[in-house]
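Participant: Turn these sequences into a full structure, and let the hints steer you where they fit.
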Amino acid sequence: MVNLPLPAYCGNDETEVTATGMADGTTAQSRDTAIDDALRQAVQQGMGTFVSTETLVENMILIEDRIYSETRGYIKSYEIIKENKSDGAYQVKISAIVKLSKLADDLESIGLLIRKKQNPRVMVLVYSTEVSGSYLGFNREGSMNLENQIEGSLARKGFRIVDAGQVSHKKNVESALQGNDMAGAARVAKDFGAEMLITGEVRREYVDTRQLYGMKVRFFTNEVRLKALETDTAKVLYSGYKTQPPSGVNHLEPLEEASAELIEEMVSGILQQWSKDVYQIASYELNVSGASYKDLSSLKKELKNIRGIGGVQTRSFQSGKAVLEVKYKGSLEELADRVSQLKKPVFEIMGLQSNSIDMKVAAE
1 MVNLPLPAYC GNDETEVTAT GMADGTTAQS RDTAIDDALR QAVQQGMGTF VSTETLVENM
61 ILIEDRIYSE TRGYIKSYEI IKENKSDGAY QVKISAIVKL SKLADDLESI GLLIRKKQNP
121 RVMVLVYSTE VSGSYLGFNR EGSMNLENQI EGSLARKGFR IVDAGQVSHK KNVESALQGN
181 DMAGAARVAK DFGAEMLITG EVRREYVDTR QLYGMKVRFF TNEVRLKALE TDTAKVLYSG
241 YKTQPPSGVN HLEPLEEASA ELIEEMVSGI LQQWSKDVYQ IASYELNVSG ASYKDLSSLK
301 KELKNIRGIG GVQTRSFQSG KAVLEVKYKG SLEELADRVS QLKKPVFEIM GLQSNSIDMK
361 VAAE
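When you line the sequence shown up against my numbering, it's residues 1 to 364, in that order.
Warning: the hint list may mix true and false statements.
Derived SDA-like pairs (lysine to any residue); straight-line CA-CA distance at most 25 Å [as the list claims (entries may be wrong)]:
| hint | residue 1 | residue 2 |
| --- | --- | --- |
| 1 | Lys321 | Glu302 |
| 2 | Lys85 | Arg72 |
| 3 | Lys157 | Gly330 |
| 4 | Lys301 | Leu352 |
| 5 | Lys235 | Lys216 |
| 6 | Lys304 | Ala363 |
| 7 | Lys300 | Glu334 |
| 8 | Lys327 | Thr233 |
| 9 | Lys321 | Ser289 |
| 10 | Lys227 | Ser239 |
| 11 | Lys216 | Pro246 |
| 12 | Lys327 | Gly269 |
| 13 | Lys93 | Gln41 |
| 14 | Lys93 | Ala23 |
| 15 | Lys190 | Ser356 |
| 16 | Lys76 | Pro120 |
| 17 | Lys321 | Ser340 |
| 18 | Lys227 | Lys343 |
| 19 | Lys321 | Glu333 |
| 20 | Lys85 | Asp36 |
| 21 | Lys242 | Lys304 |
| 22 | Lys242 | Tyr213 |
| 23 | Lys157 | Thr71 |
For the record, the hints were derived by calculation from the structure and aren't laboratory data.
Facilitator: Quick look at the structure:
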């Protein structure tokens, strides 16, 4: 095995693939070129775990620039299985370990992983907590600064933002957050079209009063907390906080620095969760209406025959409405396509959320 240097970031998720590379000529340089081509093919197979061939073709220029230009950075190790020279060409077959986590992170940077997750819409809401009050207006300024930071960072990465400032029930979300009712806040955000809710809290606590340039200035601690959750299941994708040394009451730079670090950490955490959803077995909800018990039994039987299904459980069934939890290795859209092709009984897909499918028994 040839162990390659690891980059600064290395995830734990890997996959082993076999790939073949070709190069013109029969020299030692041709051999090196054939190995590079095989490594490129291995990385392309790794990308196939996250995105379709059609998406790869559509984004070929970006992928050439961001991914293929540093192929070896995605290979943990490789072994040459077979090599030969014939008809003026060099052929090399390798077995390689592809680092899926790093590949997922870099695919995200060009929006591919986000699109694979159906490009979820995000609502951002931030509020402040101050144990000992500061000057009037800080609460609003500190919250708005953090909110703008989060939205700007997410927008640059390709996320779609739901403008919470236009939501008439914003106070309902804020009240739920301050009451620590995350599920309630998620439900309100979902009602306004958001598949993901990001909440932020700015915490400042009075420390002491200090003399600065002949003036008395009150100093406060600086802490920022962020949490991201899916609105349909209230599943927490990320939760974390950062602190900075105490600063003057109107000195916002420490909060901004803490926020910037935390936002990057949060986005990385969200993407790690998504990458697991994309290439590992994920949990989805099927919300079924118009079904009899016989329909439900048939549906469960048919679902278990679908390739990639790891389990089916009935969570509830009453008055023709059922909720099934399905473990599936693939995207929500792929699962919906499979369900829509079932024959006994036939179902109509009525809607998709980030982790759930709304469906009903089709009329005969």
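Participant: Against this structure, judge whether each hint is valid.
Facilitator: Now the hints, each set against the structure:
The hinted pair formed by Lys321 and Glu302 meets the criterion: a straight-line CA distance of about 18 Å does not exceed 25 Å. Restraint check: the Cα-Cα separation between Lys85 and Arg72 comes to about 24 Å, which is no more than 25 Å; the hinted pair holds. About 23 Å separates the Cα atoms of Lys157 and Gly330, which keeps this hinted pair within 25 Å; it holds. Between Lys301 and Leu352, the direct Cα distance comes to roughly 22 Å. Compliance with the 25 Å bound is thereby established for this hinted pair.
Distance check on the hinted pair: Lys235 and Lys216 sit about 46 Å apart at the alpha-carbon level, beyond 25 Å; violated. A hinted pair counts as satisfied when its Cα atoms are at most 25 Å apart, and Lys304 with Ala363 qualifies at roughly 23 Å. At roughly 17 Å between alpha-carbon atoms, Lys300 and Glu334 fall within 25 Å of each other, so this suggested pair holds. In summary, the hint linking Lys327 to Thr233 is supported, as the alpha carbons are separated by about 15 Å, within the 25 Å threshold.
For a cut-off of 25 Å, the pair hint linking Lys321 to Ser289 stands: about 4 Å separates their Cα positions. A C-alpha spacing of about 4 Å is found between Lys227 and Ser239, which places the hinted pair at or below 25 Å, so the restraint holds. This hinted pair checks out: Lys216 and Pro246 have alpha carbons roughly 15 Å apart, not beyond 25 Å. Between the alpha carbons of Lys327 and Gly269 the distance comes to roughly 22 Å, so the proposed pair stays at or under 25 Å and holds.
A threshold of 25 Å between alpha carbons decides the hint, and for Lys93 with Gln41 the separation of about 10 Å falls inside it, so the pair holds. Taking the CA atoms of Lys93 and Ala23, the gap is near 12 Å; set against the 25 Å cutoff, the hint holds. For the proposed pair Lys190 and Ser356, the alpha carbon gap of about 12 Å is at most 25 Å, so the pair holds. For the proposed pair Lys76 and Pro120, the alpha carbon gap of about 31 Å is over 25 Å, so the pair is violated.
In summary, the hint linking Lys321 to Ser340 is supported, as the alpha carbons are separated by about 18 Å, within the 25 Å threshold. Our distance criterion of 25 Å between C-alpha atoms is broken by Lys227 and Lys343, whose separation comes to about 42 Å. Between Lys321 and Glu333 the CA atoms are separated by roughly 22 Å; this keeps the pair inside 25 Å, and the hint holds. Between the alpha carbons of Lys85 and Asp36 the distance comes to roughly 16 Å, so the proposed pair stays at or under 25 Å and holds.
For the hint pairing Lys242 with Lys304, the CA-to-CA distance comes to about 45 Å; that exceeds 25 Å, so the pair is violated. Proposed proximity of Lys242 and Tyr213 is contradicted: the alpha carbons are some 29 Å apart, above 25 Å. Taking the CA atoms of Lys157 and Thr71, the gap is about 22 Å. The hint holds against a cut of 25 Å.
Taken one by one, the earlier hints fail for this structure at numbers 5, 16, 18, 21 and 22, listed in ascending order.
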